[in-house]
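Produce the entire structure from the sequences given, and follow the hints as far as they go.
Taken in order, these protein sequences are the chains called A and B.
Sequential numbering from 4 applies to the first sequence in the numbering used here.
Sequential numbering from 4 applies to the second sequence in the numbering used here.
These are computed hints drawn from the structure, not numbers from a lab.
Label-pair restraints from in silico Cβ distances: (1) A/ALA153 with B/ASP75: 21 to 27 Å; (2) B/GLY50 with A/GLY57: 39 to 45 Å; (3) B/LYS255 with A/GLU104: 28 to 34 Å; (4) A/PRO176 with B/ASP101: 31 to 37 Å; (5) A/LYS22 with B/ALA145: 26 to 32 Å; (6) A/GLU141 with B/GLU47: 38 to 44 Å.
Footprint (simulated), chain A over chain B, 3 or more residues, beta carbon under 8 Å: (7) 30-44; (8) 133-145; (9) 165-171.
Idealized CB from N, CA, C, for every residue including glycine.
Chain by chain, the residues run as shown.
2 protein chains.
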Amino acid sequence: MPLQSALDEMLPAIEAELKAVVLSPQNVAYPELRRMLAYHLGWEGEGAGPEAQGKRIRPALVLLCAQAAGQDWRRALPAAVAVELLHNFSLIHDDIQDHSELRRGRPTVWVKWGLAQAINAGDVLFSLAFLALHRLAETVSAQAGLQAYACLQRVCLRLTEGQYLDLDYETRPDVSLADYWPMIEGKTSALLGGCAELGALAAGASAKVREDFREYGIKLGLAYQALDDWLGIWGDAALTGKSTESDLVSKKKSLPVLYGLEKDAEFARRWQAGPVQAGDVSVLAEMLKKDGAEAFTLEQAARLTGESQAALQRAVPGAGAAAHLQELTALLLGRKS
Amino acid sequence: MPLQSALDEMLPAIEAELKAVVLSPQNVAYPELRRMLAYHLGWEGEGAGPEAQGKRIRPALVLLCAQAAGQDWRRALPAAVAVELLHNFSLIHDDIQDHSELRRGRPTVWVKWGLAQAINAGDVLFSLAFLALHRLAETVSAQAGLQAYACLQRVCLRLTEGQYLDLDYETRPDVSLADYWPMIEGKTSALLGGCAELGALAAGASAKVREDFREYGIKLGLAYQALDDWLGIWGDAALTGKSTESDLVSKKKSLPVLYGLEKDAEFARRWQAGPVQAGDVSVLAEMLKKDGAEAFTLEQAARLTGESQAALQRAVPGAGAAAHLQELTALLLGRKS
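Structure (structure tokens):
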């Protein structure tokens, strides 16, 4: 069965379990509060639909890892839903912290309901993430439930630490290439590592195998982010499309930019000189390329992809055993936009 | 042993366990992030000390309930610390939502570190609350640990629902007396109910006894809030002290005010007419009294105190068995300022 067929079964199940948690009046008593959450999750309000819901990559990763580790994926659904809720809690707070007015093309929660209610809506999703996980004690075992809590807590802490670094870097002039990885490990990788670990945990895998799955997810996240940073400068939308989509215009301290700054050559001098306008994008991208930043970024992505695949191979030895995950990895890391 | 002697043992143990969780570089890796938390918890920075730390009533309640239910209180420390961290997460976010610039006489976290980092610092404490609870599986049992998670989640949800209502009421012109209780149950009582239930849970009490403890805490919280609302208008500081401390000046929709508005008599007409200045406070307080709001508020507090004590009696039958909790109740509900 190819990956898409598996996802065709899993994604509706994820959505149903998500709705069972978020839309239950027993969990969230007040209709307007449920409406905020349903809006953010893409189920209600203007622009609702698959586009607004996002790809649900993280919960799918949990289920695919549980399956690869030999478990009926349905039993891992509570963990899948927990990570998606945790991810969305962080998005609601992120949007406030970054003053982002749009998320997946729609006004963000704080724009629609104000800052105070948006902070609280994020807190509600945070609470619901832990609530959703509770059912794992039923679908798998009490021990797995407790271990899953420990795992989710560690992820929460790494996530919030990553956010601390990200906010801190925005105001610091002296961010170095070495500062990049801990921030990405917190903001992106910890949750993907948690997804893979929770999947293995739901499958009753040994501590060693859980650790291999976690490593797979963490490296997958780092590779994904390195490629995302590459796309932010050399991707189609960034270079030739809407110039506002270029990370250079937003002056994001991404991996290639930090590499270029450390090189302290042509790009660094231009970067320090002031704002980057839409018309400057292709020239700066070329400077960065000449300084070796594009090659470096793609090398890092390739290295991390390799390490991710090696960890998966250790977790699930034998050819084809983790075919869906291999396909997912290729999909995530082979994207061109 | 009187309550004070018990607290003299418990409070340092609470502080030590709190510090072990929050200040551990293994839990929070970045010194500046630890500094934000240590500042908020009253351990560091200008004005640090017992005043800035607050009374730690909630964790003490957990330990006293565990003790009353027959457990060595030390084994309940993870739960005690979890509720204190949860409480402080909500304070950090509250201060942002209410634009409060001072907390216990010191600048709030958002004033010192900015909005974005303050939201995140609250999120870190939220994560640490769940992390702190994990050790209960060791000090008591895996089953108690899982039940404690379920309890803490419910509390988180009620807390955030209460916050939703509180924020909603601020902008709604038609808040009624009936709207008051669900908001207070969420904002104040759910956590106190959770404290009492967690204490009983750590003691391995039956479901019935846990429920009685929870009821004790919830009613204690409601009575406490009713009295707090009374103090906000007829307390010494409100009436004769600094006029800014009167709930009438801040136009807080407290229990006596909502009663007065529902009476739709002299007080209601004055309230609707516009802002309340410092000089108007004693006149408005007198109007409210004439409309029966003071008597009503004190009646409600007395009724809830009675219900709280009855629940405690059911939870721990026999004279003197819950002497410390009786003394704590008297202390909390007998205060004059």
